[in-house]
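Line by line, the protein sequences give chains R and W. First residue of the first sequence? That's 1168 in this note's numbering, and the numbers climb one at a time after it. First residue of the second sequence? That's 1168 in this note's numbering, and the numbers climb one at a time after it.
It should be emphasised that the hints constitute simulated quantities derived from the structure, not laboratory data. Among the hints, a few may not be true.
No copy labels: a pair is met if it fits in one copy or bridges any two.
Result set (SDA-like, lysine to any residue): computed pairs, CA atoms no more than 25 Å apart in a straight line [unchecked claim]:
hint, residue 1, residue 2
1, Lys1522, Asp1652
2, Lys1522, Arg1761
3, Lys1574, Leu1246
4, Lys1804, Thr1856
5, Lys1768, Tyr1382
2 protein chains.
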Amino acid sequence: MDAKSNQNSNENNNRNSSRDSNSKPEGFIRVRGANEHNLQNVDLDVPRDALVVFTGVSGSGKSSLAFGTLYAEAQRRYLESVAPYARRLIQQAGTPQVESIEGLPPAVGLQQQRGVPQERSTVGSLTTISNVLRMLYARAGDYPEGQSVLYAEDFSPNTPQGACPECQGLGRVYDATEASMVPDPSLSIRQRAIASWPGAWHGQNLRDILISLGYDVDRPWKDLPQQDREWILFTDERPSVPVHPGLSHKEIEEAIAAGRRPDYMGNYMGARRLLLQTYASAEDAGRRRRLEPYLVVHSCPLCRGKRLKPEALSVTFAGFDIADLFRMPAASLKETLENAVMPERERQGGREAEKALIARRLVGDVTGRLERLTDIGIGHLSLDRPAPTLSSGELQRLRLASQLISKLFGVVYVLDEPSAGLHPADGEALLDALAALRDAGNSVFVVEHNVDVMREAEWLVDIGPEAGERGGRVLYSGPPQGLTDVAESVTKNYLFGPETGLLRERREADGWLTLTDVTFNNLNGLDTAFPLGCLTAVTGVSGSGKSSLVSHVLPALLAPHLGSLPAEPEEESDNAEPAEMTGRAGGDLASLRRMVRIDQKPIGRTPRSNLATYTGLFDHVRRLFADTPLARERGYKAGRFSFNVASGRCPVCEGQGFVQVELMFLSSLYVPCAECGGTRYNAETLEVTWNDRSIADILALNVEDAAEVFREQASIARTLSVLLDLGLGYLKLGQPATELSGGESQRIKLAAELQRMQRGRTLYLLDEPTNGLHPIDADRLLRHLDALVRAGHTVVMVEHDMRMAAQADWVIDLGPGAARQGGQIVAAGTPEEVAAVPESRSAAYLARYLVGVEISET
Amino acid sequence: MDAKSNQNSNENNNRNSSRDSNSKPEGFIRVRGANEHNLQNVDLDVPRDALVVFTGVSGSGKSSLAFGTLYAEAQRRYLESVAPYARRLIQQAGTPQVESIEGLPPAVGLQQQRGVPQERSTVGSLTTISNVLRMLYARAGDYPEGQSVLYAEDFSPNTPQGACPECQGLGRVYDATEASMVPDPSLSIRQRAIASWPGAWHGQNLRDILISLGYDVDRPWKDLPQQDREWILFTDERPSVPVHPGLSHKEIEEAIAAGRRPDYMGNYMGARRLLLQTYASAEDAGRRRRLEPYLVVHSCPLCRGKRLKPEALSVTFAGFDIADLFRMPAASLKETLENAVMPERERQGGREAEKALIARRLVGDVTGRLERLTDIGIGHLSLDRPAPTLSSGELQRLRLASQLISKLFGVVYVLDEPSAGLHPADGEALLDALAALRDAGNSVFVVEHNVDVMREAEWLVDIGPEAGERGGRVLYSGPPQGLTDVAESVTKNYLFGPETGLLRERREADGWLTLTDVTFNNLNGLDTAFPLGCLTAVTGVSGSGKSSLVSHVLPALLAPHLGSLPAEPEEESDNAEPAEMTGRAGGDLASLRRMVRIDQKPIGRTPRSNLATYTGLFDHVRRLFADTPLARERGYKAGRFSFNVASGRCPVCEGQGFVQVELMFLSSLYVPCAECGGTRYNAETLEVTWNDRSIADILALNVEDAAEVFREQASIARTLSVLLDLGLGYLKLGQPATELSGGESQRIKLAAELQRMQRGRTLYLLDEPTNGLHPIDADRLLRHLDALVRAGHTVVMVEHDMRMAAQADWVIDLGPGAARQGGQIVAAGTPEEVAAVPESRSAAYLARYLVGVEISET
Ligand SMILES: Nc1ncnc2c1ncn2[C@@H]1O[C@H](COP(=O)(O)OP(=O)(O)O)[C@@H](O)[C@H]1O
Ligand SMILES: Nc1ncnc2c1ncn2[C@@H]1O[C@H](COP(=O)(O)OP(=O)(O)O)[C@@H](O)[C@H]1O
Ligand SMILES: Nc1ncnc2c1ncn2[C@@H]1O[C@H](COP(=O)(O)OP(=O)(O)O)[C@@H](O)[C@H]1O
Ligand SMILES: Nc1ncnc2c1ncn2[C@@H]1O[C@H](COP(=O)(O)OP(=O)(O)O)[C@@H](O)[C@H]1O
Ligand SMILES: [Zn+2]
Ligand SMILES: [Zn+2]
Ligand SMILES: [Zn+2]
Ligand SMILES: [Zn+2]
């Protein structure tokens, strides 16, 4: 992102010039006595109306200062002023630990999303572009002759007015075919040929009814007459039939002739009808998921998956229906709309001129907004893209783009690693966006690990020197160049240090895993190969297809060969059409035993999962507690020390430690449970101590302190030392899953893997493992990945940090652009080879870390 | 409030100097194309970080610009940014009509409260001083030997922990005595001697039971034996008695002897017990109010009205229990606390030293806050004062004081006539407070009519030239002195014009109304007299006792003589102890026929009352509609055109025109009813038109336009012309009562009075009638008051505007200070006489308007 040294530099880059002329930092925000979390009575002056970057190793206290102190206090003050009656609630949730802050304007926080996104929103709804487009179609669309003009709501599949009447706006319909219900026609009905049938008694009942009706349930399905098969699966009749369980058809006929009473009368329903009915009425997603293998999903025949009623789809603009526009990447949509505006029509007068005028206004509004999206490196997203499928970096940049439209003045924006998930080629655009916010009269405070962002800062606050208790001090606060003289700072080594030097030697592949003819999202007939026994980095601009390849295609195509399903079922929003995937895996597959996806998804969906439970160390800890004299005397078993078990936990919050307060205008607030004081346990359980600590005290320890406490408990200590090494020393053992960032979740998963590394040859898949990591922590991570490879495993990681990619054995660069302009292999080879490919947008950035490197091979 | 010319000027007044050195206005807020309400596409640049005053006649558009445009847009932008999902709700409530605003920071609005205050809060809770004081008592109070230390909640009467167990924290208990239940002992029981008994059947039943029991219900109560009277009123027995309605005791005895079956068995309950039980279980306030005359209220014997449990009251600080402190005026409380801090104790070490240290910290916090209150002219308020008993000016200044503590930076404060209710002697303090807000780094925008505030502005925006459609333009925007050259501005005449000149001649009293030995609130044995047939102004600093005298004592003492109760029952908060009032009215009382209080209370408590219904003009309008051909054809009577009648109104909003949306963090939002589009009527009713206007169209007219429309309807036109003359031309006929300011409500009441002026000799009582009025509108009001006096009536008004007081026939100046330092007559006489009394804090300000006045008398 160095503007001078790279060919992609934005031509009208005037970040610094405009700052110099208009907005010299003048006033300061003066913080005195900040003690939030690990901060050590911090005094700090930071300039307003400037781009300020907060640096330091993970857990040093950057967020505690920028978010926990500055942002939280600014929010509190403003909300108290505009809604004083909300004061009590806010104060209950905690006022930051700080003596005084002077000169602090109201703040807007753009945090990385933590936990599971709850909303059903899409890119279009979050940016409000959806509404404007619907207005455009309603007021300025081309209507078929004679069709009456519609309202904006008629163009929304989420309104009764707009939804397709066939699929209720879902875009898809479910059906069942002979092939889907009877996957193995060599089986007989008794052998469960009709796989979609329910199990247990209900399935036997259906079989017995068929016996009564005279069907042969012991012949292979494929040998039954066509008309029998038809009737059994597709009949709409619902005959009521005497059932004699266990008898053959013949015996039943005899029984009937003998006038013997049947056990009961059974009702038959065709298999297809039964399946669809069960599916439609299934209340929980799990049940529906179990039925899905027996169903075929079709695009809705009426709307062809476009979710709108025919009248709405008949209206066009620039020749497209509105659903077409929602599916275009933002960048293409912008072009399409711009080309569609015809100012000359406005001069003709009459209805057409009026429509042209409205169109120009609305299109102007939409393209203005779309431009912000493309500017900031998310032009590959389409408007119908569900928010839960976005990466947290994409979501943050989406909110950043909205801020550029909102014209706030005089506020403090606080951002959390906005470069996460961004290719260096897109970094320029991000820096421009940050500068634009500042030039509009705001202060921009950024917590960042990316050295290119640090270099652009007008002011740098370096926290450290280490994490947790050994951090929390301000090592430096001033213009970036001043950091050179600060002995304690580890940041300065990366900011000013040489960009060269490899940590270890390159390896050769000891086999290849090949993918052929892959089609998924924007990947279209792609062929590629991954070296086994190596560390591979997959690079490319945002939206080029990296995640599609590494997180979706690889697991899906390899799973059948490794005899395991992908670890977690795909999260698909209800609205998303299931994406179609084709392709074949091949090569030296036989040498792989396992595949492990170490992704950024939460380690659990509720606050009941946490670091300690996920890594398994909590089991050991609970056993230690159950072994104490008091626990034995009282008969407390290990289960008693779980906050998920009724006997031991606080009865008020049921072991959650907090209670939820719903607030309309803020995300709901969690306030500590008054009964247990947030400890999660009941008083009796807390009376049991191990080395003077209650079970709640243990959960409140951070990893670093815990490592000291459990020094002598070998298995616990091993887990903790890996966590420490991955830069997670600052996390509390009881830190709930919902409070972890994507990067933290990923590193916890990695730690859990590292401690059971011995098992069979494994393929590890990682998605941007350096998110949230200071370069020094990234180096540490790299050593761990290296250890995995040295142990014979294979690691494939999506990575934007070219310092990391430069250290890989192999690089696969996707591109050349995003969305439809991407999806191809631009280059594949050693980092040096890729750095030499002129078409690759990664090449130049990669080259910066390879200058003068002498390549040595094992 | 002219700093140079008055003896009360604040010595370390550095409002302008500090501004000049630190905070020169630099940037501007640029408004383009503002069209909210009557604004005429206004373009305007106003400086940030400055004190900006918006001026103009009532209805010219000051609020539409300052609140409706700048404040509303700033709020919207910020809330959209911090809570984007609230966007839809906010937009539904209306985005201001403005093309663009650049450079607009987040805003905080300090509006005058409109409508009825809903909250149960007090001065102490609003300022959060209550909490700190409770902490002080808990942690640093003096506890009796052996009593355990309490928590802060134990010192709150609103918590179960703290409330007095006898009165449940109410501070008062109810009882019934013979005198209270039997007000006229010359009556017999049959004549309803026991006035507290229920009426109708239940009362007869009790009487019949007493007959059965052998009591004499036909003898005067006073002649019944003592023990009978005791039993009937106070027995705790509940005998079950045969009842033979209509028979005498003798006849009943015979009936019993003859074995005749009684009609029924009745249960007797002592009158006292029955009354207390009914009162305690009465659900509605109206029912309770009807029973109150028969009850005696006592201070609770356990807590002596202090509402706290004995343990809490046993803890003292500086020798006072906490309830004592809550009852002190803020200014005295501050002194008391300051004197109580003993730093020398801190040096002794041990528990005492720790307490002393805590005390110093907490006292420092409290006195800092109290100082803001006294600074700003509300040092006379005690912490236990319920918010609903504060004037809107006091409430606004209370919020202003809280803002000074809150340390916001970089926001725009928008205030609505903060000088309302403030004596000129306190004006300095207000200007200091506004300057302090600005010097803390904020922009301060004030809508004001007070010329002293205008003079202090760094920037003045004059809107006009007239109200409504004839206003809405920016006549001037710049430093105040520049306004001299603006021909159209009426403001300049008052800002720069001579301060002398009387509108009319002085009158002599044609009789006197005397008050003797008045005690109420801070009035203590006061004697005074009001000239009849004159206009009297009652002056004095805030809290000196003006309202107590004019709005409470006068109505209460005169009511019995004029045979009427005070117009509205006193609004007392549940918490307030009923204040005791003593005093006698005398003098030429006989010549008065009526008394009318024209106060600032709402003209109605729901949006169903409005200007048109209150003044009675709506009755005439509805008759016009019922008389149209279509209405006659359909049989619509006048009632059909009331939005309070089911047949005519919109069924969805039931004639409200809007529906309510509850929002946790903002006041609830009212959004227009989608069914009727906010018109309040159903479609059939709206089909009826009179002169092409529907009934909803009429309600949407403002007074000014309506005057034109009803030119030929004499009785309607008369009402409208009075409203116009009182500066209310901008109000819509359908403007709901809940949307009117106190000043507007008062002027509507005055208009209603003026149109029925002919009736008997009347005493009019007004409370600050110039609130919200531009000086030119105040002059117009004065002419109307003068007309009342010329017609033989008497007018007494509380007034802070010395321009008004100077024009009165008589001035009564209360003081010399506030609360306990006030409550006395400092001077009474003609304005000239009062202006010459050195002890009067009003004298100097009054004199400014009397310089060179030649006094002529009628
Ligand atoms: N909610 C919390 N409660 C208590 N401690 C916390 C909380 N969040 C962070 N910490 C602790 O504060 C320290 C700094 O963390 P943080 O500010 O998140 O660091 P950074 O942003 O530099 O990664 C760590 O020791 C961490 O464990
Ligand atoms: N869940 C999804 N639904 C629809 N389109 C998607 C989804 N995930 C990715 N895409 C699209 O596929 C293309 C490649 O995206 P992705 O694999 O996420 O790229 P990268 O990981 O390189 O940023 C982009 O155009 C993106 O918008
Ligand atoms: N809520 C409203 N809806 C419609 N018109 C309004 C509303 N409030 C005020 N107006 C109109 O706007 C004009 C200016 O009023 P306002 O801004 O309150 O004046 P000022 O503050 O100068 O007294 C008046 O004609 C008034 O009737
Ligand atoms: N409802 C009330 N309850 C308790 N005290 C009151 C009440 N109203 C006024 N007071 C007190 O009586 C004194 C005189 O107040 P007030 O008559 O309102 O003065 P003014 O009208 O001159 O501002 C002040 O000390 C005030 O705090
Ligand atoms: Zn459909
Ligand atoms: Zn709990
Ligand atoms: Zn009591
Ligand atoms: Zn309605």
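- prompt: How would you classify Lys1768 and Tyr1382 at a CA-CA limit of 25 Å: within, between, both, or neither?
  reply: Close neither inside one copy (50 Å) nor across copies (87 Å); limit 25 Å.
message: If the cut is 25 Å between Cα atoms, do Lys1804 and Thr1856 qualify within a copy, between copies, both or neither?
response: Intra 14 Å, inter 83 Å, cutoff 25 Å: intra-copy only.
message: With identical chains, the pair Lys1522 and Asp1652 could be close in the same copy or across copies; at 25 Å between alpha carbons, which is it: within, between, both, or neither?
response: For Lys1522 and Asp1652, the Cα distance exceeds 25 Å both inside one copy (64 Å) and across copies (47 Å).
message: Please sort Lys1522 with Arg1761 into within, between, both or neither, judging by C-alpha distance up to 25 Å.
response: So Lys1522 and Arg1761 fail the 25 Å test inside a copy (60 Å) and across (66 Å) alike.
task: Using 25 Å as the alpha carbon limit, work out where Lys1574 and Leu1246 are close: within a copy, between copies, both or neither.
output: Intra 20 Å, inter 12 Å, cutoff 25 Å: intra and inter.
In this structure, the earlier hints numbered 1, 2 and 5 are contradicted, and the remaining ones agree with it.
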